[in-house]
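Undergrad: Take the sequences, apply the hints, and build the full model.
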Amino acid sequence: DVKVTQSSRYLVKRTGEKVFLECVQDMDHENMFWYRQDPGLGLRLIYFSYDVKMKEKGDIPEGYSVSREKKERFSLILESASTNQTSMYLCASSPRLQREGLHYEQYFGPGTRLTVT
Amino acid sequence: AQKITQTQPGMFVQEKEAVTLDCTYDTSDPSYGLFWYKQPSSGEMIFLIYQGSYDQQNATEGRYSLNFQKARKSANLVISASQLGDSAMYFCAMRELDRGSTLGRLYFGRGTQLTVWP
Numbered sequence: 556d557v558k559v560t561q562s563s564r565y566l567v568k569r570t571g572e573k574v575f576l577e578c579v580q581d582m583d584h585e586n587m588f589w590y591r592q593d594p595g596l597g598l599r600l601i602y603f604s605y606d607v608k609m610k611e612k613g614d615i616p617e618g619y620s621v622s623r624e625k626k627e628r629f630s631l632i633l634e635s636a637s638t639n640q641t642s643m644y645l646c647a648s649s650p651r652l653q654r655e656g657l658h659y660e661q662y663f664g665p666g667t668r669l670t671v672t
Numbered sequence: 097a098q099k100i101t102q103t104q105p106g107m108f109v110q111e112k113e114a115v116t117l118d119c120t121y122d123t124s125d126p127s128y129g130l131f132w133y134k135q136p137s138s139g140e141m142i143f144l145i146y147q148g149s150y151d152q153q154n155a156t157e158g159r160y161s162l163n164f165q166k167a168r169k170s171a172n173l174v175i176s177a178s179q180l181g182d183s184a185m186y187f188c189a190m191r192e193l194d195r196g197s198t199l200g201r202l203y204f205g206r207g208t209q210l211t212v213w214p
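Residue numbers (the numbering used here), protein chains in the order written: chain A, 556 to 672; chain B, 97 to 214.
By construction, these hints were calculated from the structure, which means they are not laboratory data.
Small disclaimer: the values here were computed from a predicted structure and weren't measured.
No residue lacks a Cβ here, since even glycine has one placed at the ideal position from N, Cα and C.
Treat each hint with caution, since some may be false.
[Claimed, not checked] Among chain B residues calculated to face chain A with C-beta under 8 Å, some are:
1. Val109
2. Pro126
3. Ser127
4. Pro136
5. Gly139
6. Glu140
7. Phe143
8. Gly148
9. Arg191
10. Leu193
11. Phe204
12. Arg206
13. Gly207
[Unchecked claim] Using 25 Å as the maximum straight-line C-alpha spacing, the simulated BS3-like pairs for lysine-lysine come out as follows:
14. Lys612/A / Lys99/B
15. Lys610/A / Lys99/B
16. Lys573/A / Lys626/A
TA: Laid out in structure tokens, this is it:
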């Protein structure tokens, strides 16, 4: 059974703290993604990775960094958490896109609801 | 410009009735795929249905069907015989065939909150 896990369902941190959100997938997928979800804004892509140690900025990378040292693990780092980073964070993975692979869905983790106070 | 537009922030439907959730998309790529996901209040994202741009027929999966109108660039989700458990947030998403990338990122709409009442 396909599985993407995230280290915490709920997290409360203080302003200025360094925060690590961990994501692990067991499907041997090349691609991994971090999104944040806010009411009325849908899912916005923060960062993605298409291979070990490879990463690229998504649409809203400011205030975040990522790390991918192993294929199955993709970490999102908030270097100095701020209240405007209070949100739901979703990790996803998918296989490498092939020419006939448009239909591959992204598999999502359960999400981490982060509150920064 | 937004690649995916969902114009209905909220929709209400009575149990056992059908409901249509709207989605329009914007792309110049002839090869693309359209997805619908369901997100219950628990937060997990559940894949529902997929439609490819070259598919001749509308996709169906059980009570879900996708009303694909290519010329209008719309991909509406139809849920037949609504159930209380269908109450959730629904997201439309698109993937383009970017020949310069193996990534195939998804572009998501802002979602529609569906409430099914008894």
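Undergrad: Decide, hint by hint, whether the structure agrees.
TA: Here is how each hint holds up against the structure:
no. : hint                : verdict
1   : Val109              : violated (21 Å)
2   : Pro126              : violated (12 Å)
3   : Ser127              : holds (7 Å)
4   : Pro136              : violated (11 Å)
5   : Gly139              : holds (4 Å)
6   : Glu140              : holds (5 Å)
7   : Phe143              : holds (4 Å)
8   : Gly148              : holds (6 Å)
9   : Arg191              : holds (6 Å)
10  : Leu193              : holds (6 Å)
11  : Phe204              : holds (4 Å)
12  : Arg206              : holds (4 Å)
13  : Gly207              : holds (5 Å)
14  : Lys612/A / Lys99/B  : holds (18 Å)
15  : Lys610/A / Lys99/B  : holds (23 Å)
16  : Lys573/A / Lys626/A : holds (23 Å)
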